[in-house]
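Student: Assemble the whole structure, with the sequences as input and the hints as a guide.
Residue numbers (the working numbering), protein chains in the order written: chain G, 180 to 602; chain S, 26 to 521; chain B, 208 to 552.
None of the hints are false.
A short, non-exhaustive set of chain B residues, derived as facing chain G with CB atoms under 10 Å: (1) 251; (2) 254; (3) 257; (4) 258; (5) 265; (6) 356; (7) 367; (8) 371; (9) 379; (10) 380; (11) 465; (12) 471; (13) 477; (14) 510.
Subject to a maximum C-alpha distance of 27 Å in a straight line, what follows is the list of computed DSSO-like cross-link-like pairs (lysine-lysine): (15) B:431 <-> S:381; (16) B:431 <-> S:342; (17) S:456 <-> S:348.
To spell it out: a stretch of chain B is covered by chain S in this simulated footprint if at least three of its residues, at any positions, have a beta carbon under 8 Å from a beta carbon of chain S; those stretches are: (18) 421-429; (19) 439-453.
If you're looking for bench data, these hints aren't it; they were derived computationally from the structure.
Built from N, CA and C at the ideal position, the CB exists for glycine as well.
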Amino acid sequence: MRKNFARLASLALALIFVLAACGGQPTAAPATEAPVVTEAPAATEAPVATEAPVQEPFVFGLLLVGPYNDNGWSQAHYEAGLYLEEKLGAKMVYLDKVNPADRPGTTPDQLAEELVAQGAKLVIFNSDDMKDASTTFAKANPDVFVIMASGDQVWSDGKAFEEIPNLTNIMGRMEYGKMMAGCAAALTSETGKIGYLGPLINDETRRLAASAYLGAKHCWENAGNDPAALQFKVTWIGFWFHIPGFTTDPVDVSKDFYTTGYDVVISGIDNPVNLGEAQKLTAEGTTSFGVAYDYVAACDAAPEVCIGVPYFNWGPEYLKAVSSAIEGTWESQFIWVGPDWTDLNNPDTSSIGFVNGPALSAEAAAAVDAFVAELAGGLNLWTGPINLQDGSVYLADGEVATDQQVWYLPQLLEGMEGLSAAE
Amino acid sequence: MNVELKNIHKHFGKVHANKGINLNIPSGTIQGILGENGAGKSTLMKILSGFIQADLGSEIILDGKPVIIDSPADAIHHGVGMLHQDPLDFPPMRILDNFLLGHSGGLFPNRTTVARDFKLLAEQFDFSLDPDSYVDALTVGERQQLEIIRLLWLGARILILDEPTTGISASQKSKLFATLTKLAGQGMTIIFVSHKLEDVEHLCNQVAVLRAGELVGETKPPYITSKLVEMMFGKVITLGERQATQAGEVVLSLKNISLEDVRLKIKNVGLEIRAGEVIGLAGMEGSGQGMFIRACAGLTRPVGGRIRLNGRDLTGKSYHTFKRAGVNFLPAARLEEGLVPGLNLTDHFILAEEPKGVFIDRAAGQKLAEERIQSFNIRGTPLSTVESLSGGNQQRAELALLQSPLSLVLLEHPTRGLDIESVIYIWSKLKERCRQGASIIFISSDLEEILQYSDRLLVFFSGKVSQPIDAGATSVEELGQLIGGKGWADMGDEHA
Amino acid sequence: MLKGRFGGFFFQLIALLLAFGVVSLILISVDASPADAYKNMFTGSFGSLRKFAEVLVAFVPLLLVTAGLLVTFSSGLWNIGVEGQVVLGAITTTWVFRYFLESDLPPALIIILAILGGMVGGAIWASFTGLLKVFGGVNEIFGGLGLNFVSTALTIYLIFGPWKRPGVASMSGTVPFPDEFSLPLLADLRISPWALGIALAGIVLVYFILQGTYFGLRLKAVGKNFRAAYLLGIPTWQYSMYSFLICGALAGAAGAVQVAAVYHRLIPSISSGYGYLGLMVAMLINYQAIWAVPVALFFAALNIGSIQLPILMKLDSSLSGVLQGILVLFVLLAEGVRQRFAKKA
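Tutor: As structure tokens, then:
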């Protein structure tokens with residue numbers, strides 16, 4: 180009996196560790212930001228009863244796939260939410276780590292309803308991973324506005340077009356940002372070997388990796404290097420960020436790159452873990468550089484090895500969409516918008532941007548700036564001849580890719596190493 | 026070192042295991058402790074070596090100083106080391122690591138020094154132990170040697186050996202005795218616990234005999250075996266007249282059965298048991314009778330020979346086949362093997378019956394339980410869990426679970442720990458079975474019981490099995506000698 | 208008897224209060240109000256019909272897993288592998304759905320086949336643990352844990368390999384199944400009454416097996432004393448296998464419901480940890496089927512209610528897991544104390 184009991188107790192302890200490992204310790208978020216809406220519901224009423232009186236601010240919800248402070252994709256959205264609060268006097272309710280590993284047993288549409296219960300009249304789904312759920316949610320809640328970032332459901336020229344009046348897709352033309360990233364990488368690399376830390380494989384990630392390659396190739400060859408000496412390799416981890424037990428560890432992937440001669444690694448995942456590894460290896464004597472992704476201040480993680488960051492600035496387009504919802508001029512749209520070429524890094528006008536990192540040499544920086552100017556001037560690297568990875572023709576000589584061709588890029592390009600689709 | 030035990034008492038719940046034992050062992054003595062199973066030998070030794078604590082008022086005096094020993098580590102600190110019946114070891118370790126166990130000399134012992142000490146000690150006693158080989162490769166005798174030098178190295182001045190000659194070879198035994206004699210010559214005090222009369226007589230300078238928790242006598246050489254036996258097993262008390270049963274057809278037939286486990290080998294036993302016959306198995310615990318009875322139940326597979334039940338060859342079949350053929354086995358450990366703690370009497374009776382359909386008819390089960398409780402005189406209710414019953418009532422419950430009809434009942438210690446009233450009741454129930462044509466084989470350490478209730482009996486000693494002995498033609502004395510390993514040569518024709 | 212039962216209740220009440228006390232201290236240490244946290248968790252799980260429906264969505268697989276574990280615990284087995292059995296149930300269900308994707312069979316039939324398939328899949332997976340134990344001498348805890356890892360690896364392989372979305376290699380899961388492959392949901396809610404029915408049927412079945420049948424009594428005898436059960440004539444290892452199969456089937460049903468009524472596809476963490484959570488529920492109720500429903504509901508409510516914590520209070524929702532774990536520990540501790548108490552008295 181006693182032995183059984185001891186067995187029981189030790190097992191329970193082990194289980195608790197398992198559960199704790201799934202969720203981490205309960206922690207309070209930094210109290211500085213995060214407009215908390217605790218005061219809203221009156222104690223005796225159900226939360227639904229907080230339907231705002233007229234003078235109450237507009238409440239919008241935000242579902243983040245990763246942590247709100249991931250120094251990448253989710254943080255860029257979170258900052259855009261703060262931007263909306265500031266510009267509109269609106270109120271944000273958000274939930275981060277919305278993915279099946281962090282929130283087992285839940286679905287994004289269910290969690291979106293939680294935000295609606297807190298008064299949200301518009302909900303932003305911030306990940307491709309939530310695309311199906313956003314459709315489900317939008318259809319089930321026709322009176323709630325939905326923004327699905329990075330999706331294509333309501334693109335009338337898209338492959339999976341559906342008419343969902345209360346849903347809008349918004350995405351920045353990160354292709355330009357990635358080209359700049361690729362350019363900076365090519366101009367920095369001593370070995371001519373560039374690694375690309377890929378998340379999962381889909382249309383978006385293929386075209387962004389390909390854009391980085393096109394930018395790298397362009398600047399590599401413009402600088403007078405041997406075209407054949409450029410190597411560009413993509414390694415996919417399986418998700419937008421590391422989920423232990425489920426994805427490949429991006430730290431290991433970065434390390435493999437750096438230790439096998441790939442002296443620049445471009446992050447394509449939601450957070451710049453490649454920078455940390457570059458910093459460590461540089462300190463150990465292996466000169467390594469990294470390009471961050473998604474978030475304007477991502478280079479701060481390791482400025483001495485960061486040569487730049489292409490980033491999303493969701494604020495301007497979200498502002499337009501949310502304003503239209505408030506004003507009653509909402510329209511279901513597919514928005515795929517490029518940078519403000521007159522002012523690449525203007526937080527109020529440019530939806531994507533690129534910041535040179537502290538580790539980028541002055542000479543390279545000048546060349547990158549020149550490349551940006553070329554792009555602003557109309558240079559389109561998605562111009563033939565370009566072959567797909569399997570050698571088939573993607574764009575004939577002089578042919579310029581259509582939006583559909585770019586968005587739905589079926590394979591990586593010829594000259595890139597790495598998987599185009601799952602094995 | 027002088028050892029003085031004064032007024033040692035030990036209670037386990039209601040059981041009074043040591044009843045005021047006084048014993049004086051001068052330095053340099055090899056003290057024998059004799060007694061049958063349950064006489065209180067092990068309790069006394071465990072008290073001296075710190076595994077258990079004696080009741081208040083008991084005194085242990087070493088070299089004139091009263092000491093309190095509250096753990097084995099404490100015991101070794103006082104110079105008391107105990108060698109167990111199963112030498113405590115940690116099989117996957119190297120010998121040297123095992124040797125280091127229990128050493129309090131800091132976190133990082135100096136292995137070189139230790140290895141040198143080990144070698145010196147081993148050489149001194151002519152033990153050939155390789156410090157780098159693994160413990161699990163050692164024989165029982167070698168483990169014992171390792172344990173002896175480990176205890177000596179830890180500073181033992183008093184060495185307690187519990188049944189040390191079980192499971193070791195003859196040459197290891199003579200080496201052990203030589204070692205012990207040598208140690209005694211160096212002033213060590215040796216306490217030698219055994220049930221083997223021959224060993225004790227051969228080795229010990231003085232012998233104390235325990236029975237039922239009491240010290241019943243002390244003697245010095247020359248020993249008179251019959252006197253030792255009488256001290257061990259007590260005066261003859263009768264349980265009434267023996268009843269001979271009419272034997273019928275052959276129920277169980279064993280031909281050249283050979284059995285083996287890690288300690289013992291039993292070879293070529295042949296036996297025929299007739300309906301209504303009762304066979305008693307006598308011997309010190311672990312002499313082979315347990316293995317034998319389990320083989321009769323199909324629980325232990327013989328390595329050779331055939332077992333037939335009512336003419337049907339059941340060799341190598343499982344207990345469940347034996348059971349379907351009419352064999353029931355009641356183990357000694359009632360709550361460990363015989364009954365299911367946590368389930369009540371009704372549950373047990375339902376389990377013992379053949380299922381009727383899928384769902385249990387609780388009312389019928391309850392009725393059955395009430396009937397059995399009454400007819401077997403069990404003090405309990407149908408809803409009493411078995412662990413809440415007293416030992417005697419547990420035993421009655423086990424008997425009440427026997428299926429009907431039965432060919433063969435196998436019992437281990439059917440009346441151990443029971444009051445006389447229960448003993449008589451249980452045997453009356455068993456004899457009832459015999460009249461219905463069942464045969465019985467039982468193990469008991471109570472020679473009286475064996476002589477009283479069996480028709481024939483087998484004596485076991487270290488795997489040797491005697492020819493069937495007519496219970497009416499022998500005596501407690503003769504049996505006691507055989508159990509102690511004496512007089513086997515006279516028998517001439519024992520098995521194997 | 209009555210006194211003992213009442214005493215047990217008293218100790219468990221103390222354990223419950225202690226668990227809440229410890230969690231409150233944790234909350235206070237991060238400057239959060241325990242009262243607000245508990246209130247938010249309560250309204251987040253029982254505050255509205257919709258929320259209660261979400262609780263039921265979590266309750267269904269949890270109850271199924273608990274029901275299965277009651278069977279293995281009764282036969283003295285620690286079926287840690289239940290998590291993997293849920294996963295295999297989900298995988299098999301997905302496989303059946305995929306197999307009939309183009310078929311003309313009525314969807315209702317396909318759904319039934321898929322759920323039965325899930326139960327078979329879970330049972331087969333559980334039988335591996337059983338076979339390893341019975342014939343390989345591998346303790347079921349280690350065998351089960353190993354198979355849990357294998358089941359995760361298998362899921363990932365399928366999602367990235369043979370069952371991947373066209374042109375995609377992502378953790379997001381397989382292509383969602385068409386709506387007609389969904390167990391019918393209650394209008395406007397996410398709970399399927401059919402799923403709820405399956406779960407309740409599962410626990411009722413287990414209750415009757417354990418309380419009223421020869422099979423259940425023999426299972427209990429095997430669990431409480433393997434040796435004695437064998438000597439009483441029960442084919443012990445067969446009963447161990449039966450209990451693995453039953454538990455696996457119920458866990459497989461949980462996985463099937465996750466696919467057919469919740470996610471409508473295979474995702475990497477399809478089991479959502481309900482296997483491990485079910486182990487905690489089973490331990491908490493001391494293996495008595497009668498308590499499975501309220502306690503599983505309570506745990507499901509904690510899981511769902513805790514979603515409010517990050518939204519409203521910026522607290523991590525793993526607090527519910529901490530509360531559940533501490534609760535189980537204290538209840539076990541209280542049981543130990545009670546036993547000691549009872550012995551002395």
